[in-house]
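Chains Y and R, in that order, give the protein sequences.
Going by the working numbering, the first residue of the first sequence is number 319, and it counts up by one from there.
Going by the working numbering, the first residue of the second sequence is number 319, and it counts up by one from there.
Calculated from the structure, these hints are not laboratory results.
There's no promise every hint is true.
If you only want the chain Y side, here are some residues facing chain R, beta carbon under 10 Å, derived [what the hints assert, rightly or not]:
#1 F381
#2 Y382
#3 R391
#4 D412
#5 S422
#6 Q424
#7 G448
#8 S451
#9 T453
#10 S470
#11 G473
#12 A474
#13 A484
#14 G534
#15 A537
#16 G539
A virtual CB, placed ideally from N, CA and C, is assigned to each residue, including glycine.
2 protein chains.
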Amino acid sequence: MKRAELVDLIRERKSFLCVGLDTDLDKIPQHLQGQPDAAFLFNKAIIDATIDYCVAYKPNLAFYEAMGVEGLRQLKLTTDYLHRLGKKAFLIADAKRGDIGNTSRQYARAFLAPESDFNFDALTIAPYMGEDSVTPFLVYPDKWVVLLALTSNKGAFDFQLTEDKATGRRLFENVLERSRQWGTTENMMYVVGATKAEMLADVRRIVPDSFLLVPGVGAQGGSLEEVCRHGLNKDCGLLVNSSRGIIYASNGTDFADRAAEEARKLQQQMAQWL
Amino acid sequence: MKRAELVDLIRERKSFLCVGLDTDLDKIPQHLQGQPDAAFLFNKAIIDATIDYCVAYKPNLAFYEAMGVEGLRQLKLTTDYLHRLGKKAFLIADAKRGDIGNTSRQYARAFLAPESDFNFDALTIAPYMGEDSVTPFLVYPDKWVVLLALTSNKGAFDFQLTEDKATGRRLFENVLERSRQWGTTENMMYVVGATKAEMLADVRRIVPDSFLLVPGVGAQGGSLEEVCRHGLNKDCGLLVNSSRGIIYASNGTDFADRAAEEARKLQQQMAQWL
Chain Y
319 MKRAELVDLI RERKSFLCVG LDTDLDKIPQ HLQGQPDAAF LFNKAIIDAT IDYCVAYKPN
379 LAFYEAMGVE GLRQLKLTTD YLHRLGKKAF LIADAKRGDI GNTSRQYARA FLAPESDFNF
439 DALTIAPYMG EDSVTPFLVY PDKWVVLLAL TSNKGAFDFQ LTEDKATGRR LFENVLERSR
499 QWGTTENMMY VVGATKAEML ADVRRIVPDS FLLVPGVGAQ GGSLEEVCRH GLNKDCGLLV
559 NSSRGIIYAS NGTDFADRAA EEARKLQQQM AQWL
Chain R
319 MKRAELVDLI RERKSFLCVG LDTDLDKIPQ HLQGQPDAAF LFNKAIIDAT IDYCVAYKPN
379 LAFYEAMGVE GLRQLKLTTD YLHRLGKKAF LIADAKRGDI GNTSRQYARA FLAPESDFNF
439 DALTIAPYMG EDSVTPFLVY PDKWVVLLAL TSNKGAFDFQ LTEDKATGRR LFENVLERSR
499 QWGTTENMMY VVGATKAEML ADVRRIVPDS FLLVPGVGAQ GGSLEEVCRH GLNKDCGLLV
559 NSSRGIIYAS NGTDFADRAA EEARKLQQQM AQWL
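With the rest of the complex left out, here is chain Y:
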């Protein structure tokens, strides 16, 4: 999806919500557990219930890989369904990949290639291995890298905030500064955790025009208001993710209705900021 299409979609749905499809067979409603294709059936119901209130879906690969080969098949059923659906959505594989160039090219093939099993719009990438681990993901037109900058977890403090002696910048700022030269605002976004919203201003100083994918609202404790105050730009420039707060709003037979309700609540708050 091109940036202009994503911005149009945000304006049309008055939402910059991303729904995290972190589907865990131990947490889905009991009446679905044990059914064939249970993960897909759960995802399909969540998608049908939430697509009018969000612009993006983000399955985290870990949850599918935890189900083994079968889990990947369920993920493919899910992305196939999303591609067939009449309504558009931006599809992010939250995979946090990254390897030497030769290998990153294979990951790009796996997730972003139009002929791949999944054909995602975007893939999250860890920056530790530097430029040649990231640029192989930028070869497919209208596909995106979502590079980790400042993550939402406690461990973010271990390395991401260390200050580089040579440049005076913290590691996450170095990542932003260096990677701006690898891609453009049309093919590269950044992960910035909502739990570190006070640093969004620092992020925006370096990448004022880039889209940011913001996890950590909801279960992880981040505030939507803080994120909007510091993160919005003229094209919106935000995709705010909620996973558990939406998809596990109920574990009864009303799970899809409750997910719709939670997604709609967030959408209505977002509409006021747009």
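Since the structure of chain Y is provided, determine the placement of chain R on it from the hints.
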């Protein structure tokens, strides 16, 4: 596999070679291409040809994911074969994963859990997200984290060598220093690229007793001699990986024999260092 068993295996086979199963359907011999289970057939032939000369196998997940859901099935056929085989080998999933704690637990289930589809001994992890992204992988007895410290690619220079103002340590040294407190020498190894062999002495100052997984010998240009000179410790402490140099030594019908030959050459050099 326990550390003591790995050390015994190294002594028994007089080898610390790890064979990288980076199986690419475009590069395997023509007579296998198009056959059902071609990737597995290729891997099986390589394993049968090399197992007397190596102690470990390291499939890189990217190559299997690039084949889609089917690729993961081929990987499972491969690990199933290795588990069935009478001869022992240490099995490393080169996946470079790492995510928030809740999610890392799922990746651990996917690759390390004894009941998982793959049941690997070890998994490579990227350290960018810090402690709580790494420790969830340390819960399975006799299973290992292989943490990226100093990688073999050019991009390693982008961030891994930046010097932290507070500690005066380079990032990879900070990763080594901090992570020593997360695991032990019995459940944590480090990736240190052979192309940076001159820094192995710096690595050894911080983690003298840890095992190191060393990629980059062969196709990437690293020297086995340099690696041994700076990297060996009293328990050997090294697993040196070669992928393309062994598995693609020939792309004719003699590929397995030529792979055996290349593995044996490395094993013989290694035997002299042990």
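How the hints compare with the structure:
1. Because the smallest distance between the Cβ of Y:F381 and any Cβ of chain R comes to about 5 Å, under 10 Å, the interface hint for this residue holds.
2. Below 10 Å, beta-carbon pairs count as interface contacts, and Y:Y382 has one with chain R at about 8 Å; its hint therefore holds.
3. With a cut of 10 Å, the hint placing Y:R391 at the interface with chain R holds, because the nearest CB-to-CB distance is about 5 Å.
4. Interface hint status for Y:D412: upheld, as the beta-carbon distance to the closest one in chain R is roughly 8 Å, under 10 Å.
5. Checking Y:S422 against chain R: minimum C-beta separation of about 7 Å stays under 10 Å; hint holds.
6. Interface hint at Y:Q424: satisfied, since its Cβ lies 4 Å from the closest Cβ of chain R, which is below the 10 Å cut-off.
7. Restraint check, Y:G448 versus chain R: the minimum CB separation of about 2 Å is within 10 Å; hint holds.
8. Taking 10 Å as the C-beta contact cut-off toward chain R, the hint placing Y:S451 at the interface holds, the least distance being around 5 Å.
9. Because the closest C-beta pair between Y:T453 and chain R is about 9 Å apart, less than 10 Å, the hint holds.
10. Because the beta carbon of Y:S470 sits about 7 Å from the nearest beta carbon in chain R, less than 10 Å, this interface hint is met.
11. At its closest, the beta carbon of Y:G473 sits 2 Å from a beta carbon of chain R; the interface hint therefore holds under the 10 Å criterion.
12. The interface hint given for Y:A474 is met, as the beta carbon of that residue sits about 6 Å from the closest beta carbon of chain R, less than 10 Å.
13. For Y:A484, the interface hint holds, the least distance from its beta-carbon to any beta-carbon of chain R being 7 Å, beneath 10 Å.
14. Satisfaction of the interface hint for Y:G534 is found here, the shortest Cβ-Cβ separation to chain R being roughly 9 Å, below the 10 Å cut-off.
15. With 10 Å as the threshold, the beta carbon of Y:A537 comes within range of chain R, its nearest partner Cβ sitting at about 9 Å, so the hint holds.
16. A distance limit of 10 Å between C-beta atoms decides the matter here; for Y:G539 the minimum to chain R is near 12 Å, and the interface restraint is violated.
Checked against the numbered hints listed earlier, the structure breaks hint 16 alone; every other hint is satisfied.
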